[in-house]
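Once you have looked at the hints, place chains Y and L on chain U.
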Amino acid sequence: MRIQPFIYLEPKTLKEALIMLDENKEKLRIISGGTETVPLMKLRLIKPQYVMSLKRLSNLKGIREQNGKVIMGAATTLTEIIESPLMNSSFKGIVEAASSVAAPQIQNIATVAGNILQGTRCLFYNQSEVVRGGLEPCFKLKGHLCRAVQGAKRCFSVYQGDLAPILIAYKAKAKLERKGGGRTVAISELFSGNGKQPINIEGEEILTRIILPLPKNKKSGSSYQKLRMRGSIDYPLASAASVVYSDEKGSIMDVCVVIGAVGSSPKIVPITSLTKGEELSIEYIDNVAQAAYKVAETVNNQALPGLYRRKVIKVLTKRALNNCLRDIHGGR
Amino acid sequence: MDKFSLIGKNMRRVDTTSKATGEAIFSADLVLPRMLVGKVLRSPHPHAKILNIDTSGAEKLPGVMAVVTAKDTCGDKWGVFRYTQDQQFLPTEKVRYVGEEVAAVSAIDEDTALEALELINVEYEKLPAVFSVEASLMPNAPIIHDAYPNNINIHVKIDVGDVEKGFQESFYVREDSFSAPEDSYFQAEPYAVVAQFDHSGNLEIWMPNAGPHLKAKPLSNVLKIPLNKVRVRKIRIGGAFGGRSEISPADTICALLARKSQRPVKIVYSREENSICTRQAHSMNATIKTGVDKEGRVIARDITCHMDGGAYSSTGPIAVSVPFLCMEQAYRMDNVRYNGYRIFTNKPIRGMFRTHGRAFACGVDLQLDMIGEHLGINPLEMRLRNARQKGDYTPTKSYVASCGMSETIQKTGEMSKWNEKWGKLPPYHGIGIGCNSVQTGFPMGIRGGSQAFIKFNEEGGITVISGVVDNGQGNDHMLIQIAAEELGLSANDVQLINADTEVTPSDPGSYSMCETFVGGNAVRLAAQDAKKKLFKYAASALKVDCSVLDARDKKIFVKDSPDQNISMSKVVRMALSRGEAISGEGSYWPKVDPKREWVENPSGQLSETFSFGTVIVEVTVDPETGQVKVLEAWASQDVGYALNPIVIEGQFEGGLAMGGQGGMLTEFHIWNDGRVLNPTQLDYKVPLAIDMPKINNIIVETIDPNGPYGAKEAGMSIAMSAAQAYCGAICNAIGVYMNDFPLTPDKILKAIEEKDTK
Amino acid sequence: MEKTTKRIVKLTVNKEIHEVAINVNRTLLEVLREELALTGAKESCGQGVCGSCTVLLDGLPVRSCLLLAVEAEGRHITTIEGLSCGEKLHPLQDAFVEHHAIQCGFCSPGMILTASAFLEKNPSPTEDEIRRALSGNICRCTGYAKIIGAVKALVDSGR
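Chains as they are written, first to last, in the working numbering: chain U, 2 to 333; chain Y, 60 to 817; chain L, 2 to 160.
To be clear, the hints were calculated from the coordinates, so they are not data collected in a lab. Each residue gets a CB set at the ideal place from its N, CA and C atoms; glycine is no exception. Heads up, some of the hints might be wrong.
[Said to hold, decoys possible] Subject to a maximum C-alpha distance of 25 Å in a straight line, what follows is the list of computed BS3-like cross-link-like pairs (lysine-lysine):
id: 1; chain 1: U; residue 1: K56; chain 2: L; residue 2: K16
id: 2; chain 1: U; residue 1: K56; chain 2: U; residue 2: K13
id: 3; chain 1: U; residue 1: K319; chain 2: Y; residue 2: K809
id: 4; chain 1: U; residue 1: K295; chain 2: Y; residue 2: K688
[Unchecked claim] Pairwise CB distance ranges (calculated):
id: 5; chain 1: Y; residue 1: K283; chain 2: U; residue 2: E137; range: 34 to 44 Å
id: 6; chain 1: U; residue 1: K172; chain 2: Y; residue 2: P187; range: 54 to 64 Å
id: 7; chain 1: Y; residue 1: L120; chain 2: U; residue 2: P138; range: 24 to 34 Å
Here chain U stands alone, though its shape is the one from the complex (with noise of 0.2 Å):
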């Protein structure tokens, strides 16, 4: 299939590529890996007037320690991510989500804020022309429908991120930048929530980095778990991220749980939080569970219904706690 023409932008520095920004914003799109931004553009689903690439601008690989803290450049690979000693040794379940990203061949080239900042997506809008032909657009096309619910006022287009429940799940941060200036947010706030336009950064913004705290003094159990029908190359049809944090006796401190593709955004379980020194039981567990199948949203625009998907968000949660658990008190 071919992608449409367009003109290409090659920034040498990072400064040139926030003043091209600032020029072109929505007109533009930035391509880092291009796996999200290709096919989408293949599909006709995007149209960018430019393509801004990233591959000149050094500063936005590696993965180091800093501060306290580990410092992710924005254009790491997800096998960057998978292969950094650093990543295995202190964020398991975000080694586990990169492992579970579409296949090795994508892995290779795709970065850590192309996966973040993908769009949403649905059976219906997701299509070539050759079966979008001839209807009128859905809300996410700029019109004023959703094909895949009848008569919903709004776009159900689902956010399939593997890495950013885990993400959010161990507190880390964006360093957006700008021409002239930058914020720094917690990565739940990059969504809107709202399938139209599902990423909360500007036109002129970019993601240049992701921060990871590094708590000392404790222990830490995570967990990513993924359904999907095969077991490679597809999206999540649901999943759930989980971290933990005991202090080094193994009493329980904080436990976030955060839950993918039952939504237009991933969303953070609302969990009471634990008494000192209260234990993850099976019956706060259930609680949890529970609590995460109620903010669960499915519709039938996937390839299994929506029903079955948030069902089975009650399963994946437990499975992640139970496998924190495991980590923190060893034996898995």
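This is chains Y and L only, laid out in the frame that chain U set:
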């Protein structure tokens, strides 16, 4: 000394090295001088009248060389059968499915061609459309083809024995219904066509095909040029699986563009176009009523099946019949009635697919499990008691000359340790069995036979000329192996010219599982013909009788005294010096009943022989998510004789992946009113390496009396019996009989939950 | 107004340097096949799912149908045509042929390249690791059994 030097041995195929290096040329790889890019404009509506097509904008675009519409055709309707002629390749009056061809352009590059398509203005008048068999059969449903006023395209009716009496005499009778949506071919190679005309009006055309001769004749009809001017050329083909046997609109359109542009044109389909605009498999509902005696032997069966055929007939009569015929071959059933209906809908066209009717096959087999449960007979035993036997006649009167069905059941049973497992596995751990049978060729009138020639060079090397086509399964190698064996040559001494309609004689094609049986036999006969002539000269040179001679290692020798020999090249030169150029000719026509017809007369010898197979599969199911893990599979087939065992194993393994792993677990098309929502490799899920179980292959050989060296077929049976085995194993694991396939995790989880609440 | 950038792109493919004048909206796959006549890499899905377009970029298997050709400048590209050495097959190509890991052959170039890169990184893998590494390459013919068998045989033979 081994009986054979090449036959029966694992051999490297002659065509795979060039595939490993990337040198093999597929249709989309072809480049001809001054070649243009062709693109097709497709209907965005499922059912609409074409009021007007304005191509002026496209014609004016610089770089556009030709634009074609129905105006450039003679408007004739084509059909696979004389009685199913319903398709114009560029419609004159109306479109019948989303994706149907409406116009096409040829241009200097792809960007220009795509731009030109956008400049073609088509005025449509939308018509009401139907997207299901039920809707199509409603009294006031829109009529899709005027010639079929109730949208019933095909009705195959078979009634043998006395079914009602059979039910009355049965100890136990049950009726169950089964259904499945479309599955789909997903050949690795998307469809592509390259066509060029020369100034003598000769057409050269390349495309993936399951029978070049079956493409050439319709092309000649449609383009109104003599058959000998249509040359369908040999090209590497990336899979067929029952498709690509009929002429395609793309073939005609590409030829028209090439003729109008007076330059070669290449059309390459996207994956979406391959999924939507070539063929899919049929979706179907099957209601099966079966009566058995106390021992579980089937006395009577009544099957009604409705299939969604899509917008045109295609190979409808065959596709409606084969699911039933496979079952009547596999199992004994003296009293049987079959009503198979193919219904038109405004959906993409359906054709014959390797897994011929999973709802049907799994229905018949699963019902045997259900009946067995009721009678206290285990599924494997049920299969043995009903298995087809050698010497039987099928209900529609085909004689079964060789049959290893029982042997395949017994061997898979033993190897899988069926008796230690069935009924004794823990919850959510199951084992299942499936049996099936496949024809080797069927009546095809004047195109049912294969002919082959062999010519010699003065060194004793040969060229085999045959119409047989290779879609990737190894037919090229098979022909070389047979010719080399017969003539005592090595594979290196044999060149092959095949599947080229200018040069090679006619052959039925690779989709009816007959290439080995019919095409292979023709080559063997041609080799034997040449051998007779060679032996005449060798006998005279060695001063012995022809009857004591044999050929091996490029020599002709006396069997009991091999030191008395003469080289092949010497014999060939001897003949040449006496004014005779040695050659061989052979043709094989399967002994089928020429009066047998799918609809009008579904009785008589269908194929000269049949293959039989069994698959057993062991699975576990995750009761919380409904996901299936396939632990191990045992696949067995009576192939007659394994000409190249490793090639046959490859067919078993591929068939199991397609029919079982994909066909029963993940493959189905999702619809939005006649639009396919999963035409891509991402959303239509064929199995991946990580999903596959360990596969044990058990080749059974019954040495068919008429197959070449006893060989039959090996390409299709396992796909179906695997689907059946997967189905049975999952139902066994969860303790619930399912009737809507494929068994995706949501359906399995629902069945588990409903069972738990009961 | 200019709709597209046309430029000369310098690509290093199989250790040869090529300069091609192309519009930037061309993928690496298109340029390899249409400008450089390297038709071993195939388009089977067009959207980076099936692996038939796999080439090696600095030794790493990537989806060439998802890479803009211009993005591959300055990197070392290896296609299937660059795997064999003159007339001598790469051991993996030989293993694929010997163990009948090829049927229609459409997925084979991508499959072989992916496997070769994997074995460079992991010369003694388990069967599960091999399956996982090849799960981004779709094959419709073989059921993968003999593909895995060919890779295992090569590993076991110690080449």
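Range hint compliance [Cβ, Y/K283 to U/E137, 34 to 44 Å]: holds, 42 Å
For the pair supplied as a hint, U/K56 and L/K16, is the alpha-carbon distance within the 25 Å limit? Answer holds: U/K56 to L/K16 is near 21 Å, not above 25 Å.
Is the distance from the Cβ of Y/L120 to the Cβ of U/P138 consistent with 24 to 34 Å? holds, 26 Å
Whether the CB-CB distance between U/K172 and Y/P187 falls inside 54 to 64 Å: holds, 56 Å
Hey, U/K56 versus U/K13, does the alpha-carbon distance stay inside 25 Å? holds, 9 Å
Can the restraint linking U/K319 and Y/K809 be considered satisfied, given a maximum Cα separation of 25 Å? holds, 20 Å
Regarding the pair U/K295 and Y/K688, is the alpha-carbon distance no greater than 25 Å? violated, 29 Å
Comparing the model with each earlier hint shows a violation of hint 4 alone; every other hint is respected.
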